[in-house]
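In order, the protein sequence lines correspond to chains A and B. Just so we're aligned: 37 in my numbering is position 37 of the first sequence, and the numbers increase by one with no gaps anywhere. Just so we're aligned: 214 in my numbering is position 80 of the second sequence, and the numbers increase by one with no gaps anywhere.
None of these hints come from the bench; they were simulated from the model. For clarity, every value in this text was computed on a predicted model and none was experimentally measured. If a hint is listed, it holds; no wrong ones were tucked in.
Capping the alpha-carbon separation at 25 Å, the derived lysine to any residue pairs in SDA-like fashion look like this:
{"hint": "1", "chain 1": "A", "residue 1": "K73", "chain 2": "A", "residue 2": "R87"}
{"hint": "2", "chain 1": "B", "residue 1": "K173", "chain 2": "B", "residue 2": "V149"}
{"hint": "3", "chain 1": "A", "residue 1": "K21", "chain 2": "B", "residue 2": "E300"}
{"hint": "4", "chain 1": "B", "residue 1": "K173", "chain 2": "A", "residue 2": "F28"}
{"hint": "5", "chain 1": "A", "residue 1": "K73", "chain 2": "B", "residue 2": "L212"}
{"hint": "6", "chain 1": "A", "residue 1": "K73", "chain 2": "A", "residue 2": "A58"}
{"hint": "7", "chain 1": "A", "residue 1": "K21", "chain 2": "B", "residue 2": "V297"}
{"hint": "8", "chain 1": "A", "residue 1": "K21", "chain 2": "B", "residue 2": "M242"}
{"hint": "9", "chain 1": "A", "residue 1": "K73", "chain 2": "A", "residue 2": "W57"}
{"hint": "10", "chain 1": "A", "residue 1": "K55", "chain 2": "A", "residue 2": "I81"}
{"hint": "11", "chain 1": "A", "residue 1": "K21", "chain 2": "B", "residue 2": "F187"}
{"hint": "12", "chain 1": "A", "residue 1": "K55", "chain 2": "B", "residue 2": "I279"}
{"hint": "13", "chain 1": "B", "residue 1": "K143", "chain 2": "B", "residue 2": "L227"}
{"hint": "14", "chain 1": "A", "residue 1": "K55", "chain 2": "B", "residue 2": "F277"}
{"hint": "15", "chain 1": "B", "residue 1": "K173", "chain 2": "B", "residue 2": "I276"}
{"hint": "16", "chain 1": "A", "residue 1": "K21", "chain 2": "B", "residue 2": "L227"}
Computed list of chain A residues with no C-beta within reach of chain B, every gap over 12 Å:
{"hint": "17", "residue": "Q47"}
{"hint": "18", "residue": "S64"}
{"hint": "19", "residue": "V68"}
{"hint": "20", "residue": "K73"}
{"hint": "21", "residue": "L74"}
Cβ coordinates follow ideal geometry from the N, Cα and C atoms, glycine included.
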Amino acid sequence: MQHYHNTHTSLALPRFTLGDKLLVAASFFVLIVLYQIYWASAAYGNQVEILVDGKHWASHDLFSTTQVEVPGKLGPSTLFINAGKIRFLQSPCNGKQCVHQGWLEYGGEFAACLPNRVSVRILSHDPRFDTVNF
Amino acid sequence: MNQALTTTKEDHIIVWLAALAITIHIAEAALPTPLPGVKPGLANVVTLIAVYFFGWRIALWVSLLRILVGSLIIGSFLSPTFFLSLSGAICSLLMLRLALWWSASVPMLRFSTIGYSIIAAMAHMYGQFWIAYWLFIHHAGIFNILPILMTVSVIFGIVSGIVAKEVIQRLEPRLNLD
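Extracted from the complex, chain B is given alone in its bound form:
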């Protein structure tokens, strides 16, 4: 290549993590779901790991790239599914930012990866739900499924938080972060 594109170490980290997240995202898309909007969200484990090791900004990139590329591969780009997952991701990243501030300013009550995971999962579901309400099903009746969806998100939030924490604990001693 004549025109060399200079990439930073950070770019490589983002792309590697995004590739991993996209793989999980697509594998998960193949799973049948009992209710629209309900899925384990294991791709968020990658986001949580990114937050832990590299900070929120990189996690933001990883998460948005996953949604963009994941939807292009699955074929849902610019479809309702895409907007639902985009709004969920934006909402959960913003709440994650707040939660990180909380941990920094109130160290006694700081969250671990599990706490971040629960917050991210609930925010994801809530953001997604509101977009579904405002854009697609403008009907108060869909609020009836909100409690179920939020219950599922709390459960999956705890599960993927534990998964992320286990991965981090095994990864940390082997990772050379310089």
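For reference, chain A alone in the conformation it holds in the complex:
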């Protein structure tokens, strides 16, 4: 008969070694740097780039009111640009995640309809990315 004695009953957290503590500190530092790099300059965008199949298809001024039909792999995706914002209005995909994503307005923001290979990216004077490598 085996008796299951709880060998240590304390509810204290297990001991972190000095190395662990330094690692936690270092990882928080990495996180702060990541947020700074990718999130810090959330400036409003002024231009939008539309890509089809990963390639530049057109650029548009965000401060105009237009509806753009983009020919994708499955059919036309409809984008709606208005007052500095853009959104997918309609896309011939099943999930409609692109449509549900709603409005984009900040520099660096993007939305993509992967099945239809259509994506949009907001450009701004102060972009979050210095370079984009493909």
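Given the structure of chain A, go ahead and fit chain B onto it with the hints provided.
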């Protein structure tokens, strides 16, 4: 069986641990996730326990077997999900190897299971992220979710490290390792 397949004690350990990890992996696959790629990764607790008691080589087997068999059972074998978790696992195992070297060579600043867990979780997320970027969404925009994903991985890394350490502390006095 006429042709007896000789198995070593090591094989049995690997298979038992892999079976445990696969169970957790599948149970976790049923949980809804707020973002693709975000899940607690509790199956890695088994990997950490394997590293602690049996070393990195056995943990490698356990981890790779879990991904292979887990994906066959779930039905994601050779799908994007499979490649994401495979690349994450390879990346985290390599970083785990480096971390073990670090602990051996700098004993003053050695890591415990918690440290290994954080390193493995972050490496897993990062490896997965790069494969997602190179193979599936070749768009700089996905870097916007990198900070969130890494934050989640640090949190889950600490949590599963603590879980693994608690399990190890309770398991150690009862385990007959001969």
